[in-house]
Amino acid sequence: MNATIPASALKKKDFASDQDIRWCPGCGDYAILSGVQKAMADIGAAPHQVAVVSGIGCSSRFPYYMGTYGFHSIHGRAPAIATGLKLANPDLHVWVITGDGDGLSIGGNHMLHALRRNVDLNIILFNNKIYGLTKGQYSPTTEVGHVTPSSPYGSVDLPVIPARFALGAGAGFVARGYDVAKELPELFVEAHAHQGASFVEVLQNCVVFNDGTFDEVNNKKTGSDHRIWVKNGEPMIFGQNSDKGIRVNPTSGHLEAVELGNGITEADLCLHEETNVERAWDLSHMKTLTAFGVLYRVEAVAYDAAVRQQVADIHKKKGNLSMEELLRQGHTWQVD
Amino acid sequence: MNATIPASALKKKDFASDQDIRWCPGCGDYAILSGVQKAMADIGAAPHQVAVVSGIGCSSRFPYYMGTYGFHSIHGRAPAIATGLKLANPDLHVWVITGDGDGLSIGGNHMLHALRRNVDLNIILFNNKIYGLTKGQYSPTTEVGHVTPSSPYGSVDLPVIPARFALGAGAGFVARGYDVAKELPELFVEAHAHQGASFVEVLQNCVVFNDGTFDEVNNKKTGSDHRIWVKNGEPMIFGQNSDKGIRVNPTSGHLEAVELGNGITEADLCLHEETNVERAWDLSHMKTLTAFGVLYRVEAVAYDAAVRQQVADIHKKKGNLSMEELLRQGHTWQVD
Amino acid sequence: MTATNTKGDGQSVVREELSSVVIRFAGDSGDGMQLTGSQFGATSALMGNDLATFPDYPAEIRAPAGTTYGVSGFQVHFASKDIRTPGDAPDVLVAMNPAALMVNLAQLKPHGVLVINTDAFTPANLKKAGYDHNPLEDHSLDAYRLLAVDITKRTLEAVRPHGLSSKDAGRCKNVWTLGLLYWLFDRDPMPTTQWLETKFRKMPDVAAANIAALRAGHIFAENTAMPNGIHPYQVPKAELPKGLYRSIDGNTAAAYGIVMGARLANLPIMYGSYPITPASSLLHHLAKLKHMDVTTFQAEDEIAAVCSAIGASFGGALGVTGTSGPGLALKTEAVGLAIGAELPLVIVNVQRGGPSTGLPTKTEQSDLLFAIYGRNGDAPLPVLAAATPGDCFHMAVEAVRIATQFMTPVILLTDGFLANSAEPWQIPDLDSYEPFPVTFQEEDTEDFQPFKHDANGVRRWVKPGTPNLMYRAGGLEKADGPGNISYDPDNHQAMTKLRANKVAGVANTIPAASIEQGDTTGDLVYVGWGSTHGAITQAVAQLREEGHSVSHIHLRYLNPLPRGLEKLLRGFKHVVVPEMNNGMLDKVLRSEFLIDAKGIDKVKGLPFQIRELVEDGRQRLGAKPEKNSNVVAMGAE
Amino acid sequence: MTATNTKGDGQSVVREELSSVVIRFAGDSGDGMQLTGSQFGATSALMGNDLATFPDYPAEIRAPAGTTYGVSGFQVHFASKDIRTPGDAPDVLVAMNPAALMVNLAQLKPHGVLVINTDAFTPANLKKAGYDHNPLEDHSLDAYRLLAVDITKRTLEAVRPHGLSSKDAGRCKNVWTLGLLYWLFDRDPMPTTQWLETKFRKMPDVAAANIAALRAGHIFAENTAMPNGIHPYQVPKAELPKGLYRSIDGNTAAAYGIVMGARLANLPIMYGSYPITPASSLLHHLAKLKHMDVTTFQAEDEIAAVCSAIGASFGGALGVTGTSGPGLALKTEAVGLAIGAELPLVIVNVQRGGPSTGLPTKTEQSDLLFAIYGRNGDAPLPVLAAATPGDCFHMAVEAVRIATQFMTPVILLTDGFLANSAEPWQIPDLDSYEPFPVTFQEEDTEDFQPFKHDANGVRRWVKPGTPNLMYRAGGLEKADGPGNISYDPDNHQAMTKLRANKVAGVANTIPAASIEQGDTTGDLVYVGWGSTHGAITQAVAQLREEGHSVSHIHLRYLNPLPRGLEKLLRGFKHVVVPEMNNGMLDKVLRSEFLIDAKGIDKVKGLPFQIRELVEDGRQRLGAKPEKNSNVVAMGAE
Ligand SMILES: Cc1ncc(C[n+]2csc(CCOP(=O)(O)OP(=O)(O)O)c2C)c(N)n1
Ligand SMILES: Cc1ncc(C[n+]2csc(CCOP(=O)(O)OP(=O)(O)O)c2C)c(N)n1
Ligand code: SF4
Ligand code: SF4
Ligand SMILES: [Mg+2]
Ligand SMILES: [Mg+2]
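Protein chains in written order, with my numbering: chain A, 799 to 1134; chain B, 799 to 1134; chain C, 752 to 1388; chain D, 752 to 1388.
These are computed hints drawn from the structure, not numbers from a lab.
Yeah, the Cβ is synthetic: ideal placement off N, Cα and C, and Gly gets one too.
Careful: at least some of the hints might be erroneous.
[To be verified] Label pairs and their in silico Cβ distance ranges: (1) D/Asn1259 <-> B/Val1133: 33 to 43 Å; (2) B/Glu1032 <-> C/Asn885: 23 to 33 Å; (3) D/Asp1195 <-> C/Gln1268: 56 to 66 Å; (4) D/Thr949 <-> C/Asp1241: 35 to 45 Å; (5) B/Glu1071 <-> A/Thr1020: 29 to 39 Å; (6) C/Asp1241 <-> A/Asp812: 32 to 42 Å.
[Unchecked claim] Below 25 Å or equal to it, Euclidean Cα-Cα: the simulated DSS-like pairs (lysine-lysine) are: (7) A/Lys980 <-> A/Lys809; (8) D/Lys878 <-> A/Lys811; (9) D/Lys1039 <-> D/Lys988; (10) D/Lys1039 <-> C/Lys1349; (11) B/Lys933 <-> C/Lys918; (12) A/Lys933 <-> D/Lys950; (13) D/Lys950 <-> B/Lys1115; (14) A/Lys933 <-> D/Lys1039; (15) C/Lys1039 <-> B/Lys933; (16) A/Lys811 <-> D/Lys879; (17) D/Lys953 <-> D/Lys918; (18) C/Lys1349 <-> D/Lys1318; (19) D/Lys1039 <-> B/Lys1115; (20) D/Lys879 <-> D/Lys950.
Given these sequences and hints, build the entire structure.
Written out as structure tokens, the structure is:
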């Protein structure tokens, strides 16, 4: 547990509902659920102060398993529903759970606008690169060539990179994790701490329809050669033997993964600057490597806070207006 | 006219329809219409080989004024309609005309997916930072604080940067122009030449509801101090007196605008590399300066071409299948 | 009747007294006709006339000058008697250019007054409007009382001292014309003068120029000998019920009604909407009321708009959304979610011409069946409709009441005509409204069940944030009571019936069906809903005066229908439904009651005219249509 | 009747001959029941039986093992006689675990055969299923003929040589069970063996293990003395009309019908869709047919899906989209555009339980009124419905014909039951279909008008790319003829009527209303549509056998209704509409004909049972329900 997180009397199980979990045995969703519950206990907000809003998909069944308030809504619309919820009930901690289909296919537009408006939502996108609930069609994050029921000869659609999409949308907090990573709860705690929209992509294994897609990065043995967990201000080193790192390519000025040795030393590596949007852009999609952790974080006023501030200002300036006054505004005349 | 464009017997007026134009006098849309018509004449495809698809908005009335095939569809859906059209009728040159509301508010999702799939469409987004046709409400590109009928106390929504959105979506061609720029037709010609989705944002003045928003960059006198037209491989110099330029900030590694002199010489400026997506990211949103021209261009197979290729491959591999054969596939049995 | 007052030169003016006048202002989209018409209307309301207005403008912001499709019109009907419609045909037509004349002349009453800006009758403009000859010169207007004035020139002269650009100066010609008509109809120019001062507060030159133009038009009329047949008129105050009045249009009334409803329910409002003609001004009005517990959210599209409202309702606020046809189409799926999750939601649908984008600025009633049946699955909800601009206030309160008391989405139908037209409205006694405060469930009972239903099939509303009542809502079928996902066949049937019965039960809380005008039995009943109210009322009155046995029922609740309707309908030989669509309510009545209801379908983007219904009535009831009824022009001796 | 064949040990087996058997396979979502059931069905079809199947599974991919809500079922009805439904109640229940028994036992016929995997009856599983006692031990199953086998153990033994993981080995138990039932009902294991070989082509171990399991189950049955009351059965071939047959489900048939329609229209297909249960397999089937002029586009959502199809139709291809309720909701706005732009478009809507997300894997007919009325504005379109899985082929052809010949969107309604259930289908004589090739306008006539309408109100289709015919389409109202934007009131009325009349005119091209079974007049007529066909047919047959005057009308065209329907309906004292919704077609008939049609509304996510309708008929017609009808279990002596 991160030292900055307040100790809390709440336990993981306080955030579990009484409903049986209906995911397939072995699904990556279980680990994420557990991570969220742990994070919530660490955050220390009581279950009744939390609402979890989702769309439709295997991942979106999430709210049923949480002992908090929850809304399992319709396909793709969770960010819009959550925005209304947050505006109406600003003290709630609002989480959005979505999938690569729910959040980036049908729901891409609401995602874009929740992010650019910077609504104070904690958005977790379960990316299994497949439509689970409808039995395995390719999704907008599926790699080209993937054979699925709807692409019997291989998909020809170029995939979207969720983190890049989020950056392009102007998101102020962009992070990435994977289902079984021990760092996951901490990532959620960070997302929660951020004022405004937090976008966390979690790579998630669908054992039934897309088993092993993320094996390269989360394989117990070799995974650490293909992933890096970045931390603000710390040097970007990775690899089973901490023998690899990220530096600025001296010619292009952009980030690249390198092996230490052959004249490249730790001093050549760069420190992760999480407030640097251009760096985050580079990090979000590297050739041989997947970056995890908080890729980008910048402070800005949350949309809902700005809305409330405006209401407060107008109240202050104009006072309350009664219904009678409202109806009598402007020209009126008396008929006797 | 760019020397690489074939001379053509077609004239601008061959691309005009017989319909009266119904935009407000002085609207920036007129100049863009003229630019498109000129570009089409330069491109040299006959009017019947061209289709223009739009959504709803002042800008989306565009197809009525073109002597080509046209479809003035419904709000936000032009990229989806155009995708179907291109798949069904691949020889057509398909243009999409949209506005900041049509293309980025209600239509953001279709825009995202047309771009990431890389459908061979030439998309022109008229950005007047306002909803014109519905009489002046703020749009997703409107600056914070703008007072409009729907934001009587000033808008609190953070705007989206269209070019960054397009890059985040994975677009392979991202360009920017403004309504009265003489370079506009050339930009459209380039967009057309690009295989796959081309995204061209055109800053457009709405004289009625948002007059002068782009004055800083397109002001006849001082505009050139605030805008740069970039060209691949050429140094990034700008300013009334060509006394300013863009260089790589030696510390951050990212682009910044500088004044020449004080030890900074032309040699310090960088050349525009249009295939460099990270550079394009930087260029797309600079602090004191707006970049115009082709910000980013990279070749990739167009979606529709990939679809056709797959069909051809399957045809080749499996031959034609007759209806009779289809119905008799698998187990059948005879009842006598 | 006549009356007198004083002319500018001290001579007394003899004014002919009229009981009602219809003026249509018509000109280019850029000519400011909407402003001119609404000022005339507002002034007439303030002067105590009964009033109805009808703006009719193209979908373009400013279509090219001089074209017929760029013509913008605004009709004002003001009277000393009770009127309900903007008038079938204008007594006075103001045509600011040839196109305006071309489009509108046919509707002017025979011998009507025609005010024309001769400066605009240039060869170019005549050609654009499709005239081969100048109608001012070829005697084609001889049948009318023509007041041809070089308005542009006189305006430019009048505003010259204020140093406006010639473009801006020319723009004042509408106000000059208004001044002329103010004198002609004895209107007080003061309110408009004040209004101009406020509007152009930040541009004092423009304000001064406009006020000068207004005065100049007024003075011109005062000092000019009017052509034959035109003389000053006067329309005395109407005898309206006592009380405090204001002028109101339907969207303002609906916006204020929502606020009123929320106050009665003791809830804050979250209005999520996406701009669309003719509903946008609901958003504009509510956005100004941030100091009245109103949050507005301009969403990225209609789906997000309705979803944000649903999210707000889930959160314990009153979620409201407003739109028009194409937007309602997009909200369809989400409305089903609100039904399934049993959450309150108010949807105001300001109908416009369809299908598809259709006629965005024109009025229609063609979303009725869509509102009632337009969702996947068995997904019933209450549908209400307002009958007049002012009635939008009351029906919006009703929509809020039903939504919150029955935990259901409610669709309130208005239309472009109601939305844009104004009428004098007696400000209601707010104390006469019974409050219906929402009490959220707060007690942590041991057997707490979020989807437990009371005798009316209504569940309790729980506000997230309440300790110990954490629950999950959703769109999958829920077990009656606990609300967990249930695929149980019997439960689904029970829940389907429960949802249907809940909506049907709304009928117990609304007024029983009643006759609006006429006897409770007879030969013919016109059954209307929505904005046809005025035309039907007036037509029925006229038919009854002619001795016909005709009555009027006006439905404000379309689903469920009010109790007792069938019995009432069976009291009439003919049941006829005039609608601005291709036949919708008649379908509902036929199916519901097996009564042979017939439709009168007008799908022209325009409201009914009184005479259309009067003629229909006469035909059905066998009387010969009276000749030349309704065609005696104002002041025609 | 009995028949003989040879047992494994050379002894001859006496098989009891049955005319029809209903088997329900039930187990965990992960137990492969859908596969088992459909193999049994396919084999029975191949062996010449008449067949109907009914898969019934939860919305979760693999709900937690052992829970009641995770139970997946598949019912197979196979017979030597004409059957039309998957059977009211199973004669044989295969329960792979306690939860499957718990959920399904109540439906098993008295004295029915119960095949149970005893290995799954562990204390943990019993508890999960809600059993206090083990029903295998407490005599609660004594009323049934129990065949309790340790299936898991025997499967593991059988597949051991093939070296599978124990998880994979365990998965073969469904195939073992299939082997057992194959012997019991005299099914040929060969087709399944071949099918396994193909399916697991790339995993030869798995293929071999499954085949071993199938054999082992078969051998077990052959060599084991069956418990009292169970003996081998035989169901002879059915007397089907001569011809070549295959087994087909509704989605396959609809997909193929679309392809057939497109061939008759001489058009390529662009199928734009977004996956949704139970419509997704339309996309899967069509995606495989890239070599048949089919392009498929998996869109980002349903709006993009329908829009891509509209774009394709604008481009001169046949635009088709398929979906289910929530998706249809999202397509609403765009369908209006296709109506306004007068473009062909085929929309297949595979109905499922609503409202909202509802019951995604269950069947329902509750989108009927939505399909007919669910669009903003006056936006009529033809609505068709398929009655059986095979009929989906024919009605899809019809949808294509009407869409292309009338330049209109068409909605074809099917449902989850049709989509998923299979029947033996006589491959139609394709030459019997009259081609209806589309001829695009190509001549450059001087007075070319893209929206000029022929006598049927149909415009010519112009394919972009054609020289000199450049035109603009759109959703704003168009001038009749040139198609330019028109705000003209009379034009709008004329266009509205034209659109309505065009759709009404479709009635002239469809078969007149007819009686499906029974006399043309009588006491009672059941009017059905869609997948209720089988149950109504069988119920009417039974009621008629009992001497009742009952007939059956089945509507395949819901809008417009077929000619002559009113006259037919008036020939019956009672008009009754059984529907899997809360009452929809009855509303349409009432409104259309003022006939007092009554509904039988079943909203349980399940098809009608024959006996439900038989009982309804008896009640309405006054006869006492026969005792114990339909409850004599298979082979019960
Ligand atoms: C409007 C609508 N369209 C389609 C569907 C069908 N549908 C349900 S979930 C889903 C995809 C889910 O994919 P994803 O979000 O990646 O979730 P996963 O199941 O992979 O966790 C689809 C297409 C639906 N329920 N509603
Ligand atoms: C479904 C739907 N929602 C809303 C509208 C109303 N509407 C028409 S145009 C428009 C905004 C247009 O803005 P933009 O795309 O920026 O075009 P502009 O008029 O500024 O060129 C809106 C909201 C509509 N026609 N359809
Ligand atoms: S289908 Fe895939 S994503 Fe869905 S529950 Fe099963 S394993 Fe998880
Ligand atoms: S409203 Fe603005 S964008 Fe629209 S036509 Fe007028 S000036 Fe152009
Ligand atoms: Mg997924
Ligand atoms: Mg705009």
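Status of the hints after comparison with the structure:
1. D/Asn1259 <-> B/Val1133: 33 to 43 Å: Since the Cβ atoms of D/Asn1259 and B/Val1133 sit about 36 Å apart, the hinted range of 33 to 43 Å holds.
2. B/Glu1032 <-> C/Asn885: 23 to 33 Å: violated, 60 Å
3. D/Asp1195 <-> C/Gln1268: 56 to 66 Å: holds, 59 Å
4. D/Thr949 <-> C/Asp1241: 35 to 45 Å: holds, 41 Å
5. B/Glu1071 <-> A/Thr1020: 29 to 39 Å: holds, 35 Å
6. C/Asp1241 <-> A/Asp812: 32 to 42 Å: holds, 35 Å
7. A/Lys980 <-> A/Lys809: With a Cα-Cα distance of about 17 Å, the restraint between A/Lys980 and A/Lys809 holds, given a limit of 25 Å.
8. D/Lys878 <-> A/Lys811: At roughly 23 Å apart (the allowed maximum being 25 Å), A/Lys811 and D/Lys878 satisfy the hint.
9. D/Lys1039 <-> D/Lys988: Violated, at about 33 Å.
10. D/Lys1039 <-> C/Lys1349: The hint is violated at about 51 Å.
11. B/Lys933 <-> C/Lys918: holds, 21 Å
12. A/Lys933 <-> D/Lys950: The given pair, whose Cα atoms are some 17 Å apart, holds under the 25 Å limit.
13. D/Lys950 <-> B/Lys1115: holds, 21 Å
14. A/Lys933 <-> D/Lys1039: holds, 17 Å
15. C/Lys1039 <-> B/Lys933: At roughly 17 Å apart (the allowed maximum being 25 Å), B/Lys933 and C/Lys1039 satisfy the hint.
16. A/Lys811 <-> D/Lys879: holds, 21 Å
17. D/Lys953 <-> D/Lys918: holds, 19 Å
18. C/Lys1349 <-> D/Lys1318: holds, 21 Å
19. D/Lys1039 <-> B/Lys1115: Holds, at roughly 13 Å.
20. D/Lys879 <-> D/Lys950: violated, 33 Å
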